[in-house]
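Residues per chain are reported as follows:
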Amino acid sequence: MKSKYSEIKNIFIDSVDSNNYVDLESLSFNYQVLEESLDKPLKMILLFGRPGTGKSMTLNKLYVNHKDKREIHYFDAPILSEKEFLKSIYEAMSSQHIPQNMRVNFDGLLKYCQNLKGQREVIFLLDECQLYSEALMEKIRLLSDTRVVKFVITLHKTENEDVIAKEHFKTRIWEVIELKNADEEELEVYIQKKLVQRGFVEVSNALSSRDIKFIHNCTKGNFRETNKLLYTIFNIYEYYDLHRPEKITSNKNSKKILEMAAIKIGYIHD
Amino acid sequence: MINTKELEKRWYKYKAKNFILIFALILIFILLPYGIYYLYDYFDTPSPKQEVSKLITPQEVVVESSTPMVTEATTAEPEVEESKDNEVILAPTIPIVDLDKEQRTTQAKKVVHRKQAEEKKLVKAKPSSSLTAQELAVINGNDLKREKQKISFQRSSSNYMDVMKTKFEQNKNPREALLLAKAYYKAGDYINAEEWALKANSLDKNMDESWFVFAKAKSQTWKT
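Protein chains in written order, with my numbering: chain A, 27 to 296; chain B, 18 to 241.
Here chain A stands alone, though its shape is the one from the complex (with noise of 0.2 Å):
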C-alpha cells in the first residue's frame, strides 16, 4: 500500500535540476539581467546570496538554456586543487584528455586562451567560489582577462561575509547579482507552483495562507529550508495516512502536523 503523500514529500527532495525550477518574479528577473550579463563584454559575472536562495538552481538553469546555443561549461562541485581546476579548464577548452601524470601549465594557459581572442568565448559556469583559494580566485580573474574565458560564479553570503563580499568585488568591473529569500507572496507560489507542477492541486488548495505564514515564520522564505519543512510535513501526512487515517482530512491542512514538523526541524521547541 502505498500513500499519495510518499509522491509529494519527493517534489521537495532538495536538488539542483532545471526540471525543478519554479518560476518566481524575483528569481527570473535575476535570471533575466544573469543572461543579459552574458552578452556583455564582462569578464566575471557574480551570482551571489545566502544559502538556500536558488544560487545553484540559477546557474543549472542557465547552464541547461545555453549549453546548446554556446560554448559553455558548468564545473557545480568545487575543484579545489589548483593543478586539477586548471586540467579540467585546459580539457574543457581544448576537448583533449589530459593524463594523470601531467599537469596544466598557467602561464601556457593563457598564452592558449590569447591565442584564441577574437575566434571563440568560452563560458564557465562556477558553483561554491566560496571555497577556492585566493591564489586560484587571482587566477581566474587573470584568465578572465584574456577576454576569451568569461566566469559566472557563485557565492554564499552568510552573516560575516555579506560586507567582505561586497567590498572584495567592489573593486572590480563585474556585475554582480544577488540573491535574496523569498517573501510571503513568493513563497506561497513556489510552494503552490511545485505542487501544481506535479498534478496536486488538491492538496496546493488545501493549503491556506495561514499555513503559508506559518512556513514563513519559519523558515524566513529561504526556499532549501521551505522544501525541508514540506518534505517533513508530507512525511508525517503519510505516517497518518497509512497508520490512522482518520486523523487527517484531504481538504485542509491540520495545524497539528505543520507545528509537528517544525518541532521536528527545530523551529519550534517544545
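Keep in mind that a hint or two might mislead.
[What the hints assert, rightly or not] Which chain B residues face chain A? A few, computed with CB under 10 Å, are given here:
(1) Thr21
(2) Glu25
(3) Val180
Think of the hints as simulated: they come from the structure by calculation, not from any bench.
The beta carbon of each residue, even a glycine, is placed where N, CA and C say it ideally should be.
Starting from the structure of chain A, add chain B where the hints point.
Only chain B this time, still in chain A's reference frame:
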C-alpha cells in the same frame, strides 16, 4: 518514516507550554489592574502603625517622674495625677484631640519651664575677670541703663492723596472719592473732606457713607 508517536508527545508538550504561557499572560492582564489598585490603596492610606507613631508626640506621653518639677506640675493639676503608673499612654488611633487635656498639659509644661527659668536665675556665677561689666550686671540683676532709641515712623499722607486722586481721575470710582474724603477728614482738612464726600455722593446717590462723612466734616467746619 518519521517516529510520529514521539513527535506527537513533543507536540503535546509544546502545546501545554503554550497554553500555560497564554493562561499566565491572561491571568497577569486580569490581575494587573487589581494589583495596581491594591498597591495604590496600600500606599495612599496610612497604616495604623504610621498613625500611632504620628500621634505619639512628646506632649502626649505622660511619664510619672520623681523629679520635683513634674511633681509640682502634677500637684497643681489634679487630673494629671491620674497617670501615676509608668505606662505610656498612647493617643487613640482615631485622630480626636482632647483640647481640655491638651491645655492642661501645656499649662503643666509652662509651670515646669517657669520653675526651670527661676532655678536658672538663682544660679550665681563666680566673680570672674573675664566677664564684661554688662554681663556681670545681668548676673547680678542690675541691668545697665541703656539709651532708649526712638523709632519714628513717617507717613506721607500727601503722597497717598495724590495717588488716590490720580486713581480717581482714571476710573471715577465713587469709592475712591469716599476714601479721599475720609482721609481728608482724618487729616483735619474738613473743607476738602466735604468736597470729596460731595463728589462721591454725586457719583453714587445710594452711598450713605458719603453723606455721613459730609455731615461730620460740615459739623467740624461750623465748630471752627
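To see whether the hints hold, each was checked on the structure:
no.: 1; hint: Thr21; verdict: holds (5 Å)
no.: 2; hint: Glu25; verdict: holds (7 Å)
no.: 3; hint: Val180; verdict: violated (82 Å)
Hint 3 alone, counting from the list given before, is not met by this structure.
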